[in-house]
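Start from chain C and add chain L according to the hints.
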Amino acid sequence: MLQRLAASLRRPAAAAPLPAAVRCVSSGSVEVTAPLNFWAGKRRNSQEKCNKEHVYEPATGRVLCHLEPCGAAEVDQAVKAAKLAFGHWSRMSGMERARIMIDAAHIIESRREEIAQMEVVNNGKSITEARLDVDSARLCIEYYAGLAGTLAGQHVQLPGGSFAYTRREPLGVCVGIGAWNYPFQIAAWKSAPALACGNSMVFKPSPVTPVTAVMLAEIFAEVGAPEGLVNVVQGGQETGSLLCHHPDVAKVSFTGSVPTGKKIMAMASRGVKPVTLELGGKSPLLIFQDGDLENAVKGALMANFLSQGQVCSNGTRVFVQRDILPEFVEEVVKRTKAIKIGDPLLESTRMGALVSRPHLEKVLSFVEQAKKEGAAVLCGGEPFVPSDPKLRGGYYMTPCVLGDCTDEMTCVKEEIFGPVMSVLSFETEEEVLQRANDTTMGLAAGVFTRDVRRAHRVVEHLKAGSCFINNYNITPVEVPFGGFKMSGIGRENGQVTIEHYTQLKTVFVEMGDVDSLF
Amino acid sequence: MAQNGTAENGVVEDIPALPFPQPVKVQDIRYTKIFINNEWHSSSRGRTFPTFNPATGVKICDVEEADKEDVDKAVAAAKAARQRGSPWRRMDASSRGRLLHKLADLMERDRLLLATLETLDTGKPFLQSFFIDLDGSIKTLRYYAGWADKIQGKSLPIDESFMCLTKHEPVGVCGAIIPWNFPLLMFIWKIAPALSCGNTVVIKPAEQTPLTALHVGSLIKESEFPPGVVNIVPGFGPTAGAAIASHMDIDKVAFTGSTEVGQLIKEAAAKSNLKRVTLELGGKNPCIVFADCDLQLAVEETQKGAFYNQGQCCTAASRVFVEESIYEEFVRRSIENAKKIVIGDPLDPKTSHGPQIDQQQFDKIIDLIESGKKEGARLEYGGAPVGEKSLYIQPTIFSGVKDHMRIAKEEIFGPVQCIFSFKSQQKAVERANSSQYGLVSAVFTTNMDRALAVSAALETGTVWINCYNALHAQTPFGGYKMSGNGRELGEYALAEYSEVKAVTIKLSEVL
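Residue numbers (the numbering used here), protein chains in the order written: chain C, 1 to 518; chain L, 1001 to 1511.
Derived by calculation from the structure, the hints in this document are not laboratory data. Quick reminder that beta carbons are idealized off the backbone N, C-alpha and C, glycines included. Be aware that a few hints might be false.
[Claimed, not checked] If the Cβ cut is set under 7 angstroms, some of the chain C residues that face chain L in the computed set are:
| # | residue |
| --- | --- |
| 1 | Ser110 |
| 2 | Leu139 |
| 3 | Gly146 |
[What the hints assert, rightly or not] Quick list of simulated restraints, FRET-style, between CB atoms:
| # | chain 1 | residue 1 | chain 2 | residue 2 | range |
| --- | --- | --- | --- | --- | --- |
| 4 | L | Gln1425 | C | Gly224 | 47 to 53 angstroms |
| 5 | L | Val1386 | C | Val507 | 45 to 51 angstroms |
| 6 | C | Gly87 | L | Gln1426 | 41 to 47 angstroms |
| 7 | L | Gly1400 | C | Gly87 | 48 to 54 angstroms |
One chain only, chain C, in its complex shape (with noise of 0.2 angstroms):
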């Protein structure tokens, strides 16, 4: 899930500004006490305080703070202020909206490593990835503040001199689900579109990473954006059920896995409201023989072991064409040993803490699972416990890729989101593109081969919503994301968001006299 990386490398002076760098925080250090939900402009506790939950840091194991749930009384008040910020929002010009997001954007280029040091904290991952994740949230919100001055409707000749037009206008107030896995972009890739269009958010960030949405919602209260524009309750299914139910929500967009898509589909189902979901993917990675071998084991690495596996458009299915299989699996598991695992703060770390202890667990349980059923680990797939002392409680796990593996395994048929690569063989084009296909999810795929009639022939075959040739996991915010059957419906990022996020009128106007049938 990245920008292109060599981009956002290249923009070092631009994208990091120093002062906040120097904040020198290191795991294991940082409190939270703050409260972390947010409405009508301020920082709120929540009224339910028996329902307080743990929130750790990965990669110590510590509590970092305490979530407060919000129960129906907070729900109602969060989409009561963006109600009212949506009057105000959905009335000013799309120039006029554009302006606010810009300034947004410009607070979250200025305090990138404060937010990406939260997000390391929260989540687990590498610092490096982290301000990737920072870069990509500030980019999305440019991108759709150039598109708010821009939504257009249609003007449609009929016969006789009448004519109608469309006006494209907002939905209301939307809510949006975010994941533990990219938890400040998930939050910018949602309200950024929706914000353009004209409505109005309330976020509910994942309970096991609620640090770093509130930070969005604070910035677009710095910069002038009507109090209440931007919310975020806390909670888990509760919580997102009242705000699945409210009759005052007019949207839902969910990132998450499969079967909680579909609770939030049927719960929306009730108030007749359209949802986006972004689920889950069991994706293939198609490599022939022709295909440049050095970039295919790059590839297949970027394809598996970012976010330590935790993304949802992840490779987990290598597909590798025979003849080249013994030198791929070579080079993979010489790379893949090589990945340097560790303190997540710490700039030479390649791969932190996973996001929990039940989900590492749950990890690990997919190895085991896999050597029962007869795959060779080539690699990693154990525990791993850190030589400095206050990481020994942190979620750890070295990166693994499984060999031998057949179709029927679990661990190519169930998405097991932590850094699990399943590698397996293939002879003809025809045979990997139906083994490929052979899924309920269809979120993403991809294909080495230098063979550019191969490439287009193949990825026309795939059935999966973001094919990449000769690269993978590359989610520029001008590229519409999102997946084909249950990986979800609806696309987030691109232009094409706009039709998520907005609704059409369509004004008839008679020129003539009425021809009436009475």
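Then chain L, alone, in the frame of chain C:
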């Protein structure tokens, strides 16, 4: 409409309350040279030309004069800046957008100075410079900043086993030649879409008004646009302008100005290298005022349309057709309304009417006013210079104007309102359309059916209904007939600055 803010090139809907912004004291003019490769150059031929304050006739400063050799240098810089592999070509589209935003930020920082320079150089009232020209320029930059990373092609399903992708690529080096009536706004209207699409630019400001363009040159450098992306060549039409129009390495030329010069430019473009051409030319713009209109609104809007910027607008409302039954009342109220105009020092915030740009324009306008008197139009108001030896002309109203008169046919480009009467809607539309021009028109009526029917029949690129000079960055602007080719502003302008490349790939049918 009010949501979209003030009209860019027209009437401020509400000038904010006191305290007004105040012009700054300009001690000396810092930027007076030719701007190439983000550096300041002297004239190759060692020549300079003076620029004057039209309100006082006093010389402001001398400016280095660009001629053919300087244009060659500028084009070479622009060409190098767009070579494959150059920093500008390699730059992400989103970064181009950020640079345009940066330039807008710097213009906001220097807004008072830019508005003061614009008023000194053109004579237009300071508050209009500040609230209209600067506002429009900054908004246009921000609008096209937003487009930079959304200029995209299509993937086309085509017959048999092919696939086709279209790519929108920059045209290349874009030449631009702009007029003196809105020096800064026209500068931005040209560079913003060109840069958004990834082109490089060689632009010639008018010889009467080079100062704001050159100041923006310094801001372009400060914004850190790569060298050679924008080059500014102050100079004259027959020399520097002609060199741009006929240059073999300029891929496109955009011109705003008179129809006669527009024809020369298109001819030079055709004879040199068939460069693409967009033209925004003159107008003789009709307003049709029906008896069922909101009369006070129609009087105010049509008069602002006629007198705004001392009548020096291609969009000037120079032919006002009024339905016979309200004709006398319309003329009476127009005279009353004109009495409110305050003629004075353009730097004084109370002033709403300044001088004409130069002696040549002044003489032409006075000649046309005299022709109107001679040919039998009734002079209702004004009709003479203000004082002696100045470039001020009184706002002038003629009634009883007939279609054959010179003031009914020729573009006056001065503060002269010509009022005609009509009986039938059909005749009014025919008379409105009987012009070689087709830039803008307006309809005043409270009957929406009539407004839409008439707007469908008018042969102009813009039709305003119950408003005038309502120009916005989002709205395409350009002329029918001899008022021009192509469109500026809005998404449409992007097409004028892009080439479309179709990439067709043969796929084999077997898997």
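Practice prompt. Please name the hints from earlier in the document that this structure breaks, with their numbers sorted from lowest to highest.
Written response: 1
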